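J.: One line per chain: the protein sequences are A and B, in this order.
FYI, in the working numbering the residues of the first sequence are 1 to 270.
FYI, in the working numbering the residues of the second sequence are 271 to 494.
Note that these hints are calculated values from the structure, not bench results.
For clarity, every value in this text was computed on a predicted model and none was experimentally measured.
Partial list, derived from the structure: chain B residues whose beta carbon lies under 7 Å from chain A: (1) V407; (2) S413; (3) A414; (4) M426; (5) L434; (6) L491; (7) P494.
Derived list of chain A stretches under chain B, where covered just means 3 residues or more per stretch with a C-beta under 8 Å from a C-beta of chain B: (8) 122 to 128; (9) 180 to 188; (10) 195 to 208; (11) 213 to 227.
A virtual CB, placed ideally from N, CA and C, is assigned to each residue, including glycine.
Listed here are the chains, written in short residue letters.
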Amino acid sequence: MSAITYEHLIVERQGPVGWLINNRPDVRNAMNSSMRDEFADAWTELDNDPNVRVIVHTGEGRDFQTGVDVSELASDGVGMERYRQSMEDFDVHFTSWHQGVWKPVITAVNGICCGGGFHWVADADIVIAASDAQFFDPHTSVGQVVAIEAIALMKKMPVEAVMRMAFMGKYERMTAERAYELGMISEVVAPEKLRQRAQELGETIAKNSPAAMAATKKALWGALEAGLTDACKEGAKHLVSMWGHPDQNEGPAAFAEKRDPQWAPLNPES
Amino acid sequence: MSFETVDVWVEGAVGWLIFNRPESGNAINAQMFLDLEAAWAQLEADDTVRVIVNTGNGGAFQTGLDVRQLAKDKEALRASSRQTRDFELRMTSWHCGVTKPVLAAVNGTCAGGGLHFVADADIVVASNTATFLDPHVSVGQVSAFETIGLLKKAPMESVSRMALLGAHERMTAERAYQLGVVSELTEPEELRTRAASMAAEIAQHDPTQLAALKAMMWSALEKP
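Chain A extracted, bound-state conformation (with noise of 0.2 Å):
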């Protein structure tokens, strides 16, 4: 049960895996100034929930996100202006990478992903989709640039295939199937199978130490930030911050026993 209530996400749990659903389907999930502002709550609460060890992100109806409404933005007289400015000092609460959230995220992507839902394809750990979804980038087609998701990109796969989406605009869409090819996902799913598979993974994932994949995780996107010997040194610290931990006893025994390990709550302060 959610303790907040959401107007533009729909927020469940489904045993150990919580769902984060963007729900505004008839502008395909475009965010605007309100879910802008719900996303940085249901990320953190989904974060903050003891009995939630994986995130799943999807789309409700036909479309995963289209980016920011436009629409909204430029017609209410507040949203570009605020816009604007979180942007110029890269003060963003959407995304789980941008809160700060250590559990792993799987991104669903069904059907389209466009502009700046991207955001959530860079900023997830795991990103499958659906064989029909479809990714392009149409910034440059209406006049804007597009930069913070690109980048992330650029960081985690081939940049000849981010570099044309940017250019192309509106012009082409990567297929599920390119997308796979390139490594920008790791799997490519039966449109009506996308939730349920989620759903799996994110129990298979449930079940290793929450402790050790957080502190991997903070090693990991620590790497995106430094050279390699120096990402190793930052690494190595994640890796001795494990030490003594009850998980590093318990991994073995549960192994030697043949058992499914027991791990120790993650401390949402940690």
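We have chain A; now place chain B onto it with these hints.
T.: Just chain B, lined up with the frame of chain A:
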């Protein structure tokens, strides 16, 4: 000099470093921990060696630290812990500052710490039966160095997936090839022959130039 846990020999211009604890999936025990550093140093110092091939005996390529064995040897455990904490590992060619081209030939399962030797090689070929996994988080351990090395060289999502799924999923040789983690797949029985012929071809090049090229390319990974 010969070693208990690794086979080292030279054939023409090619030096071979072969993990040799097949009964334990070639996992690194206290002795291999020492042998690896000495073996890389020996091949680096041997002027007849121009290229090094790294592979494993038996069904597995390399399955990481043999923690049970290591725990029995307090001194080795302390050394390993210190090297980990300070990131002063001496297991791979990169750790040991090898300047010659290193070709990893992945002959089977490559798990956990085994991924070090894939991340730190210059060229990686694999048997089409090889599999890759990172079980650290399934036994309460953090995955850091190996996966950091890999994500600097391959699409990150696939590396994060491997790190977070732990023991519960294996990447196939075919997928590793698609992602560019490895550049060639062979039939299992042809792996060493192919690695040897590639190494011999690389060895045709000027060794000074190869060393300069290697240093330059690895230093490019040191930029954020």
